[in-house]
Amino acid sequence: MVQAMNKSDKKGQNRISSLLYAVKSYFSVQANVLIVLFAVLLLVLTVYPIYSVIRSAVTVGRMEAMRYNTLMHTKLSEGDLTILNFRALLTNESTFWKPLWNSLRMSAYASLIAILVGGTFAFLITRTDIHCKKFFSSVFIFPYIMPSWTLALVWKNVFANSGVGTGVVGMLESLTGICVPSWVVYGIFPCALVMGIHYAPFAYILIGGTLRNMDANLEEAATILQASRGRILRKITIPIVMPALFSTVLLVFSSTMASYAVPVFVGSPGNFFVLSTQLSSLYNTMATKGQAFVMTIVLILFGVMLLGINLWFTGKRKSFTTVTGKSGQVSYIRLGKANNIIAAFLVIMLFLIAIFPIISFALESMCEVQGDYSTLTLKYWLSREDIGGFAVNAGHGILFNGMIWQALWGSIKLSLIVSLIVGTCGILIGYAVARKRGTKLAGLVSGLAFFPYLVPSMAFGAIFLAVSTRLTFLRGTLMLLVIVGAVKYLPFASRSGTNSMMQLSGEIEEAAVIVGASWPKRMLRVLFPIQKSSFISGYLLPFISCMRELSLFVLLTTSGTLITTLLSYFDEKAVTQMSNGINLLIVIIVLLVNFTINRLTGASIDKGVGGN
Amino acid sequence: MKKTALLAAMILCLSFLIPTFASAETDVQKAIAQAASMSWDELLAKAQSEIGDNELHIYSNTSRVKEDTFTAKTGIKIATQNPNDSQIYEMLEQEVGNNVYGADVVLLQDCFMLTNFAIASGWLENYVPEEYKSCILESDRDPLVAVYLNRLFFYNDGGNKEARLFKNVWQFTDPEFKGTEFKNPMDEKSSMNFLISLTSEKWQTRMAEAYRNYYGKDWENTGEFANISYEWIYKFLMNCTFVSKDSTIASDIASGAAGSSGLFVFSKLRSVDASNITVCANDGIEGFAGLMYPIYSMIASNARYPYAACLYINYLLSEEGYNNIFGSQMGTYSVNNTIGISENAVSYGDQPLSFWQDCLVFEDAEHVQNVYFEVFDQIQQWCASK
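Protein chains in written order, with the numbering used here: chain A, 1 to 612; chain B, 1 to 386.
In case anyone wonders, no lab produced these hints; they're calculated from the structure.
Errors might be hidden in some of the hints.
As the list claims (entries may be wrong) - Result set (SDA-like, lysine to any residue): computed pairs, CA atoms no more than 25 Å apart in a straight line:
hint, chain 1, residue 1, chain 2, residue 2
1, B, Lys-77, A, Asp-386
2, B, Lys-167, A, Gly-167
3, B, Lys-245, A, Ala-362
4, B, Lys-386, A, Trp-183
5, A, Lys-98, B, Ser-244
6, B, Lys-178, A, Asp-386
Work the whole structure out from these sequences, hints included.
What follows is the structure, encoded as structure tokens:
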């Protein structure tokens, strides 16, 4: 009996020790530690928002109860569970189905435009001998650095004409007398085009990064085998950039679905309403807030579907390795006589989409009377005294305005911290996902890291406001803003980190393991330097987004804390000179950061794709 | 028997205690009650000792409250947050609803939400200083209105001040005058409450009169619309263009073609070249010339610095405070009827509050309360199906 007991004890002990051994050996691999760590962290950080969105969609608020009780003679009370929000929204053609269809069309066109514009641009920069690469490459990212509505504003300023709306004469009409039809000025066409151009840098960064890093031997081998250019493009280049194409579609489609400012500027005046504008209206009315959350769920589901397709695709192809350490010299396609024509076209295009808005900000910040360039003054920049007049409480000119500099520093500090955290997490997530590719845990981490992107900023801010009322030590602190920003922008870094790591052949790290390099050394000395440009974009994209974010932070901080909350303060006061000046400052700072990083590390968003 | 007697005694004791607890004033309510009868100096001393070096937190839908003169006068620092109205209500729900401190003073609009959501939930307290009671209409005291703002019909007269292009409010529904720029009522609560207020008996009568003068016949109810106001609202919404900002509307009209029109807050006229812009009200338009809506000033029921909050409201109601914060602008009117409009406002064609009382649709809290959801739902459908 005792012997039997001893035997079973021993068996149990063996089982425990073998389990412990398995756990220990599992966690001795860094990728496993990281994947488990991020799975837990992301579950904690995303489960509450998911729960919160769903709960708000199925729970009746005080005003919703009043509305349903009045109109539908129900007897609901605050806090009751209901499906009425779903029924009210999903049976409403004009509030839901029509805007949904509009959103889907707009997002599909925007994705296509972004890929065509950004992809072609990436190809020209990385694969041809086009002139002025460095200039083109640096300037092409401007449209993404600037808030999307600035492009919409430029569009309106150029194409507005006497036959549309209030008859404001735009630049095109005043220069040429040409009046474009109203669908060019307002509606789906300008919305999709502006969004496509705004997000084209995404396509450029992601596709260009892959093109630059791909093994030139593949194309050279095909050339030796006498494959045509078109065949090489179809059979080699496009399949290799597929993950980047999918990432671009995922990011652009989701971003466009959730974008609000552009449809409001150039959509609504043409009676073109999309899901995000309807969502904002529903969200801004307490009596329809539940329906806004149902709409958020729909947006999330679309994102999840896209993400699923993306994961299925990257999971199906076991290897997207483009960086093997054996790459040869890339041979550029010679454009010959077309070089000048293409370069001239690019100069004009970039002037309109990248330089013109900046000049326009600068001029508008100096106009005493909005739009009247005969009233230029520098007082909104240089006044050392209160500007006064209609700009009551605006303080001194921008350069001597303590309020502006304090808010600017607040934004820079926040954006730097967020980008450092997010960029580093992105690389680690990328490493873990790439090494554990195909496993369920990798899929979970990759999906969860993208989830915050699918929740509209407005709702995300509100969810974290609710969190801060439970965790009061976070209220009003920088830490709260950092957490919100970090979670919201993690998708940028995790996508760029995952794409970069997916391209890296495992052989490179194995070689480092063989020579006895430790894991930190392998990361810092081997992997990071190879994909430096892509990784740095994982730091820069959150920085840029954070610098110009408003809706995410507006509920969580006071109006003088961040430059964007201060911008909305000046905007609301209609001191357009100050708000244009602040916009210009934001763009200049982001460009300076990009330039400084370029100087210090030799890498930057644009240089990363071959602008050197 | 003993047990029953004991129980009865306990119930008796509790019955004395319960009303005491139920009617127990909170610290904020006590402070408000005391502050109401204090002089400025007394209240200032109390507020200063209460707040020390800390900041008074203000939530406001208007950025104008970010005002240094209050700090200069009282030594009390302020921190403002300027979310839009629905965001303020959201913050109140999350913060005061969970008894977490966020704001002391709250300035917000939308009579329906204020009454049925924030006040009904006990998140806001009303405060009217005794000193100003006699200068404020009774109807503006509870909840206390701080200022009124107007949003008026303007048009581009092409330089001809005698043009008198808009003589009747039905013109805005006429396809000939298509494209009047207007803030979407689904996003702008004052626009929504304006349209709801229009459905009252008073405005139906005014609309019928204007209809007769414009079309030369009486309005007939064909059953398509519940009443004449609904018809105007529907046709106006179908005829107008939604624009998101008042400043954009002002600039569009200023640089637009002659005859272009829009509805925007008067104060935005200051930032555009107004030489070609005419205020419809000055042309004596039939029907109405725009809308007027209140900004309420309330104290959060869990305010940390209630005396300082009361002091701030006193400052808002005083001539000095009003002039420093809003005074130089047109389209803003103090609820304190001893304070007039500034010379700068007059130079832009502004008029005293009494002038607007007859030609603008004032937010009608009582009517809005009665018909809110019926009209809201109808407007929501019309806006979405444009």
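Discussion item. Taking the earlier hints as the rules, which of them does this structure contradict?
Written reply: 6
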